[in-house]
Amino acid sequence: MKKLFILSILFSFLFVSCNDEPEPNPEVIRAYCYLYHFIPEHGSVIWEVDESVLPEEQLYGVQFPGAVLLETVGEEITFTVKYSGTEAVIISQSFQLEKNKFYNVIAHGSIEDPVMLIREIETSNPESGKVKFQTLHSISGQGPIDVYMGGASPNNRFVSELAYLSLSIPYEVTDLDARAAITVSAHSEEYNQDSVLLTSIYNGEIIADAYYLTVLAPSTYQPESDLTLWLYELPLD
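Residue numbers (numbering that gives the first Met the number 0): 0 to 236.
Simulated from the structure, these hints should not be mistaken for laboratory data.
Possibly wrong hints are sitting among the right ones.
List of simulated lysine to aspartate or glutamate pairs, DMTMM-like, C-alpha gap at most 20 Å [to be verified]: (1) K81 <-> E55; (2) K129 <-> E204; (3) K98 <-> E121; (4) K81 <-> E40; (5) K100 <-> D236; (6) K100 <-> E75; (7) K81 <-> E50; (8) K129 <-> D176; (9) K81 <-> D112; (10) K100 <-> E232; (11) K98 <-> E119; (12) K129 <-> D208; (13) K100 <-> E74; (14) K98 <-> D236; (15) K98 <-> D49; (16) K98 <-> E75; (17) K81 <-> E111; (18) K100 <-> E70; (19) K98 <-> E70; (20) K129 <-> E232; (21) K129 <-> D174; (22) K98 <-> E26.
Please model the entire structure based on the sequences and the hints provided.
Printed below as a string of structure tokens:
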């Protein structure tokens, strides 16, 4: 049975994988995870990591950062998402975590077909003065999307034809472009104002030399709620 501890300073929670009492001053082997819940129609869910249950429910759209203590430099860990009320399993997936690496673990999709996306976070720093992004498309029923920053010219399109449930590769944008405007549109060969899904203007919280995950998803767990481009800071070296 795995044990679960809380870290209130560095992380919201800490998963510890161990079968025996630790020896004095054992080597601590960690992998770091950021959990997200974007499954519609569920205001909150319960996460279980290798049979250890998080002590708090995770609300829709909230980022949970934490660390898994591994028994070896690489270990397969099972992530499970359950209904808050019945604790019935919504989705479960295993993934090989490695020492000192960072991972996004995202539960999304639809209530009929939930998906868990687990990806290592590429922590290299952006070019000086730029901002690093990744974008996730999590709008059920919406075809591929494009993402523009700082304008509508071809040079301002940083994501093209991103399919539903897909995560883009990392890309870099000048901080001025990112703060000026972020526009998400249905994919088209050229920019089309009629295809715009949302525009985020004056993004003052975005800073240079940082790394962000953006998620196109409903603004609440209700699928018919307005679209929002959620923004989460990610770690860098």
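Hint-by-hint comparison with the structure:
In summary, the hint linking K81 to E55 is supported, as the alpha carbons are separated by about 12 Å, within the 20 Å threshold. For the proposed pair K129 and E204, the alpha carbon gap of about 14 Å is at most 20 Å, so the pair holds. Taking the CA atoms of K98 and E121, the gap is about 14 Å. The hint holds against a cut of 20 Å. Only pairs whose Cα atoms come within 20 Å are accepted, and K81 paired with E40 is accepted, the gap being roughly 13 Å.
For a cut-off of 20 Å, the pair hint linking K100 to D236 stands: about 11 Å separates their Cα positions. At roughly 14 Å between alpha-carbon atoms, K100 and E75 fall within 20 Å of each other, so this suggested pair holds. A threshold of 20 Å between alpha carbons decides the hint, and for K81 with E50 the separation of about 12 Å falls inside it, so the pair holds. Proximity of K129 to D176 is assessed by CA-CA distance (about 9 Å); at most 20 Å being required, the pair is judged to hold.
Of the pairs offered as hints, the one joining K81 and D112 holds, with about 14 Å between alpha carbons and a cut-off of 20 Å not exceeded. Taking the CA atoms of K100 and E232, the gap is about 16 Å. The hint holds against a cut of 20 Å. Distance restraint check for K98 and E119: the Cα-Cα separation of roughly 12 Å lies within the 20 Å cut-off, and the hinted pair is therefore satisfied. Of the supplied pair hints, the one linking K129 and D208 holds, its CA atoms being roughly 6 Å apart against a limit of 20 Å.
Proximity of K100 to E74 is assessed by CA-CA distance (about 12 Å); at most 20 Å being required, the pair is judged to hold. For the given pair, K98 sits about 15 Å from D236 by alpha-carbon distance, which is consistent with the 20 Å threshold. For the proposed pair K98 and D49, the alpha carbon gap of about 17 Å is at most 20 Å, so the pair holds. Taken as a hint, the K98 and E75 pair is honoured in the structure, with Cα atoms around 12 Å apart against an allowance of 20 Å.
For the given pair, K81 sits about 14 Å from E111 by alpha-carbon distance, which is consistent with the 20 Å threshold. At roughly 15 Å between alpha-carbon atoms, K100 and E70 fall within 20 Å of each other, so this suggested pair holds. Between the alpha carbons of K98 and E70 the distance comes to roughly 10 Å, so the proposed pair stays at or under 20 Å and holds. Restraint check: the Cα-Cα separation between K129 and E232 comes to about 14 Å, which is no more than 20 Å; the hinted pair holds.
Between K129 and D174 the CA atoms are separated by roughly 5 Å; this keeps the pair inside 20 Å, and the hint holds. Straight-line distance between C-alpha atoms of K98 and E26 comes to about 11 Å, which keeps the hinted pair within the 20 Å bound.
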